[in-house]
Amino acid sequence: MSSTTLPGNNLARLNRRRRLQEWLVTLPSFIWLLAFFLVPTLIVLAITFKPVEPPYGNIGPGWTLATLHSLANPNYPAIIWRTVWVSLIATILCMLIAIPFGYYMARAPQSRKSLLVILVMLPFWTSFLIRIFAWKILLHPEGYLHKFLRLLGLIQEGDLLLYNTGAVLLVLVYTYLPFAILPVYAAAEKFDFALCEAAQDLGCNRLSAFVRIFLPGIQRALVTAALVVFIPALGSYVIPDIVGGNASEMIGNKIAQRIFVDRNLPHASGLAALLALSTVIPMLFILAIQRQQARAPAPRRNRSTP
Amino acid sequence: MKMNRTCRSSTSAVGGPGAPRAGFFRNWRASLRRAAPLLAAFSLLLSACAKKPPTLHVFIWSDYIKPELVSAFEALNGCKVVMDYYDSNESMYAKLKAGGGGYDVVFPSSYMVNIMQAQGMLRPLDHTLLPNLAHLDPSANRFTMDTNHAFSIPYMLGSSGIGYLAGKVPDFQPTWHMFESPDYKGRMTLMNDYRETIGAALKALGYSLNTLNTNELAAARDLIITWKANIAKFESEQYKNGLVSSEFFVVHGYSGDIMQIMEENEDIMYVVPEEGTSVALDEVAILKDAPQPELAHAFLNYLHQPEVAAQNIEFVYYLCPNLPAYDLVSEEVRNDPAVFLPQEIMDRSEVVWDLGENNALYSRIWDEVKGAE
Numbered sequence: 000m001s002s003t004t005l006p007g008n009n010l011a012r013l014n015r016r017r018r019l020q021e022w023l024v025t026l027p028s029f030i031w032l033l034a035f036f037l038v039p040t041l042i043v044l045a046i047t048f049k050p051v052e053p054p055y056g057n058i059g060p061g062w063t064l065a066t067l068h069s070l071a072n073p074n075y076p077a078i079i080w081r082t083v084w085v086s087l088i089a090t091i092l093c094m095l096i097a098i099p100f101g102y103y104m105a106r107a108p109q110s111r112k113s114l115l116v117i118l119v120m121l122p123f124w125t126s127f128l129i130r131i132f133a134w135k136i137l138l139h140p141e142g143y144l145h146k147f148l149r150l151l152g153l154i155q156e157g158d159l160l161l162y163n164t165g166a167v168l169l170v171l172v173y174t175y176l177p178f179a180i181l182p183v184y185a186a187a188e189k190f191d192f193a194l195c196e197a198a199q200d201l202g203c204n205r206l207s208a209f210v211r212i213f214l215p216g217i218q219r220a221l222v223t224a225a226l227v228v229f230i231p232a233l234g235s236y237v238i239p240d241i242v243g244g245n246a247s248e249m250i251g252n253k254i255a256q257r258i259f260v261d262r263n264l265p266h267a268s269g270l271a272a273l274l275a276l277s278t279v280i281p282m283l284f285i286l287a288i289q290r291q292q293a294r295a296p297a298p299r300r301n302r303s304t305p
Numbered sequence: 000m001k002m003n004r005t006c007r008s009s010t011s012a013v014g015g016p017g018a019p020r021a022g023f024f025r026n027w028r029a030s031l032r033r034a035a036p037l038l039a040a041f042s043l044l045l046s047a048c049a050k051k052p053p054t055l056h057v058f059i060w061s062d063y064i065k066p067e068l069v070s071a072f073e074a075l076n077g078c079k080v081v082m083d084y085y086d087s088n089e090s091m092y093a094k095l096k097a098g099g100g101g102y103d104v105v106f107p108s109s110y111m112v113n114i115m116q117a118q119g120m121l122r123p124l125d126h127t128l129l130p131n132l133a134h135l136d137p138s139a140n141r142f143t144m145d146t147n148h149a150f151s152i153p154y155m156l157g158s159s160g161i162g163y164l165a166g167k168v169p170d171f172q173p174t175w176h177m178f179e180s181p182d183y184k185g186r187m188t189l190m191n192d193y194r195e196t197i198g199a200a201l202k203a204l205g206y207s208l209n210t211l212n213t214n215e216l217a218a219a220r221d222l223i224i225t226w227k228a229n230i231a232k233f234e235s236e237q238y239k240n241g242l243v244s245s246e247f248f249v250v251h252g253y254s255g256d257i258m259q260i261m262e263e264n265e266d267i268m269y270v271v272p273e274e275g276t277s278v279a280l281d282e283v284a285i286l287k288d289a290p291q292p293e294l295a296h297a298f299l300n301y302l303h304q305p306e307v308a309a310q311n312i313e314f315v316y317y318l319c320p321n322l323p324a325y326d327l328v329s330e331e332v333r334n335d336p337a338v339f340l341p342q343e344i345m346d347r348s349e350v351v352w353d354l355g356e357n358n359a360l361y362s363r364i365w366d367e368v369k370g371a372e
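Chains as they are written, first to last, in numbering that gives the first Met the number 0: chain A, 0 to 305; chain B, 0 to 372.
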């Protein structure tokens, strides 16, 4: 009797220990996120309900809903709409480049693979800000690119490459592309390409094998890549500030104005909370879809087995 | 002597274990001898620390004082001056409010002097330590509310205006209405600062730039929206690089900023529009918890020594309101209408005052300008 219970006990103890170890391993990152993400976010949320003290933008005592009312600013919907569609287009463009590039990287021979990884990472060796300023030089109206495009007759003397929403999109895609490529590449490298070959043997052409086998196979990485571009793009402030024009202001710029110029911290916090919520909603949405799909696959397998 | 001998005898008696102990002592002494110069140097450093010269901490706008003048002050007073920089009154205020202490001297604009004084952040000035107050140009008093200099002394007077490239803009007119010209569409900038840009539009329409009249503000908003169609962007910093590199042809900016970049591109001109503009008076004050109040007073007084003020005017291209200094600057600077504004333009110009709760009026107009298609 004791011999039958002992392994079970051991297993339970082993499980408990493993769970404890998992806890210990995740504890530092958990504490980090708690201290530097959750608590600040809650503070921002709390400041939204604080009044502005008259003399000079201090946070007053007590609580108020005045900020929530002031968020109904008639100028906000246009800015929020612009922020969302610019971020969406930037995400789509990044994905359209990252998927074939990640695929190509994973299929490349080993020696070229590491070279490609280095090339993707290389821009990070230079400061983010300097790279944005470099775009200002590249797109300068007296610059070589402008002259070259003029020579080809693609643009006119008076056309500007900078200070419009197109420039913001271009630099957003440039900035966040590596963040989209890396997860796609990481998943593609683990992907078993024999599956694609099998699909081709069974009558798929290369494109439909890519779409029907490869893409669903790296689905999780695709979601990660899209979120990693979309969420920072929603909060971008420096890029529209530097290469954007007078009609490419995004919500991040509005938050900066409320803090630095209007000195209205509660209002800025309200906007920031709105932004944080709007990033949480797509994430919850995707999480829900993923959970549903995790439950779903059984019938599909049944269909394919006979 | 006796002790020594017993010691020695005891070690020799113990034998084996005694040897390393003696060795330890010998080594210890040797290492002490070796370390002696190091120790000496260390103690010297300690004493140097004890007699460290006093340090004055100055919180100032960047490029706002001639560096040689600071070195001269250090030599004169046997002290060290540590400078820290800020780019706006608001960020300076925010840092001090958040407890960024340890500074002695700050350079707030006149409206910010009011705010800081009301918050009890400034130290009353001891006029007996400031004999150079006698040199102040009384006409600068129009631009400050602290006319008795109880808490602050005028430091530099500047204006905002228009910088342009003479070669690219042959038909330039000294008026704010330049921004209506479609010929330079996409090559002009207005400041991304609502008091400055709405102020420029108010001046163009002949109103006060501190107005609270909503009709006047609405008219200014409509004028800026017509300007907005022609400008590349609202920009308060990068207009300098843009003008130097011929990216922008006409920019709205601060006099000192634009005059400083003239050295990099000879085509650059600066003009104050004839309708008048905003004049900014930056003052110098001592903080309430200044660790070195006496040295700070000496610094304030030094800045208003006529020869120091004259050298500073020639370096920063703003006007230090110091009467004897006016005769010490070079002929070229003395006749420069951008540094020494013509009287009739000066009369039409105003200081941007902090409007307290009424700032919201301007903020709302600015949101409407930014949101307009």
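Think of the hints as simulated: they come from the structure by calculation, not from any bench. These figures come from a predicted structure and were not determined experimentally. Don't take every hint at face value.
Said to hold, decoys possible - Negatives, chain A to chain B, calculated, CB over 10 Å:
(1) W31
(2) G59
(3) N74
(4) K135
(5) L159
(6) L161
(7) K189
(8) I241
(9) R262
(10) L276
(11) L286
(12) R294
Stated by the list, open to error - Each computed DSSO-like pair below joins lysine-lysine, with the alpha-carbon atoms no more than 30 Å apart:
(13) B:K227 <-> B:K167
(14) B:K51 <-> A:K146
(15) B:K167 <-> A:K49
(16) A:K146 <-> B:K96
(17) A:K49 <-> A:K112
(18) B:K79 <-> A:K49
(19) B:K184 <-> B:K167
(20) A:K146 <-> B:K167
(21) A:K49 <-> B:K287
(22) B:K51 <-> B:K79
Stated by the list, open to error - If you want the ones that stay clear, here's a sample from chain A, every Cβ over 12 Å from chain B, calculated:
(23) L67
(24) M94
(25) K253
(26) R257
(27) F259
(28) A275
(29) I285
(30) R290
Every residue gets a Cβ at the ideal spot worked out from N, C-alpha and C, and that includes glycine.
Outcome of the hint check:
Chain B leaves A:W31 outside its interface by the beta-carbon criterion, the shortest separation being 24 Å against a cut-off of 10 Å. Every C-beta of chain B lies more than 10 Å from that of A:G59, the closest at about 13 Å, which supports listing it as non-interface. Not every C-beta of chain B lies more than 10 Å from that of A:N74, the closest at about 4 Å, which undercuts listing it as non-interface. A cut-off of 10 Å between C-beta atoms contradicts the statement that A:K135 is not in contact with chain B; the least separation is 8 Å.
Against chain B, the non-interface label of A:L159 is violated: not every CB pair exceeds 10 Å, the least being about 5 Å. For A:L161, the non-interface assignment is contradicted: its Cβ lies about 7 Å from the closest Cβ of chain B, within the 10 Å cut-off. Interface exclusion of A:K189 from chain B stands, the closest Cβ pair being 45 Å apart, more than 10 Å. Its beta-carbon lying about 7 Å from the closest one in chain B, A:I241 breaks the requirement of being farther than 10 Å from that chain.
The non-interface label for A:R262 is inconsistent with chain B: the shortest C-beta to C-beta separation is roughly 6 Å, within 10 Å. At roughly 22 Å from the closest C-beta of chain B, the C-beta of A:L276 stays outside 10 Å, upholding its exclusion from the interface. At roughly 34 Å from the closest C-beta of chain B, the C-beta of A:L286 stays outside 10 Å, upholding its exclusion from the interface. The Cβ of A:R294 sits about 45 Å from the closest Cβ of chain B, beyond the 10 Å cut-off, so the non-interface label holds.
A distance of roughly 20 Å separates the Cα atoms of B:K227 and B:K167; the hinted pair therefore holds under the 30 Å criterion. Distance restraint check for B:K51 and A:K146: the Cα-Cα separation of roughly 59 Å exceeds the 30 Å cut-off, and the hinted pair is therefore not satisfied. Taking the CA atoms of B:K167 and A:K49, the gap is about 51 Å. The hint is violated against a cut of 30 Å. Taking the CA atoms of A:K146 and B:K96, the gap is near 50 Å; set against the 30 Å cutoff, the hint is violated.
Of the pairs offered as hints, the one joining A:K49 and A:K112 is violated, with about 53 Å between alpha carbons and a cut-off of 30 Å exceeded. Of the pairs offered as hints, the one joining B:K79 and A:K49 is violated, with about 43 Å between alpha carbons and a cut-off of 30 Å exceeded. A threshold of 30 Å between alpha carbons decides the hint, and for B:K184 with B:K167 the separation of about 13 Å falls inside it, so the pair holds. Under the criterion of a C-alpha separation no larger than 30 Å, the hint pairing A:K146 with B:K167 is consistent with the structure, at around 18 Å.
For a cut-off of 30 Å, the pair hint linking A:K49 to B:K287 stands: about 29 Å separates their Cα positions. Restraint check for B:K51 and B:K79: the C-alpha separation of about 9 Å stays at or below 30 Å, so the hint holds. No Cβ of chain B comes within 12 Å of the Cβ of A:L67; the nearest lies about 17 Å off, and the non-interface call holds. The non-interface label for A:M94 is consistent with chain B: the shortest C-beta to C-beta separation is roughly 29 Å, beyond 12 Å.
With a least beta-carbon separation of about 8 Å from chain B, A:K253 fails to lie farther than 12 Å from that chain, contradicting its non-interface assignment. A beta-carbon of chain B is positioned within 12 Å of the beta-carbon of A:R257; the least distance is around 9 Å. Remark: the non-interface label on A:F259 conflicts with the geometry, its nearest Cβ contact in chain B lying 6 Å away (cut-off 12 Å). No Cβ of chain B comes within 12 Å of the Cβ of A:A275; the nearest lies about 22 Å off, and the non-interface call holds.
The claim that A:I285 lies off the interface holds: its Cβ sits roughly 31 Å from the closest Cβ of chain B, which is beyond the 12 Å cut-off. Every beta carbon of chain B lies more than 12 Å from that of A:R290, the smallest distance being close to 40 Å; the non-interface claim holds.
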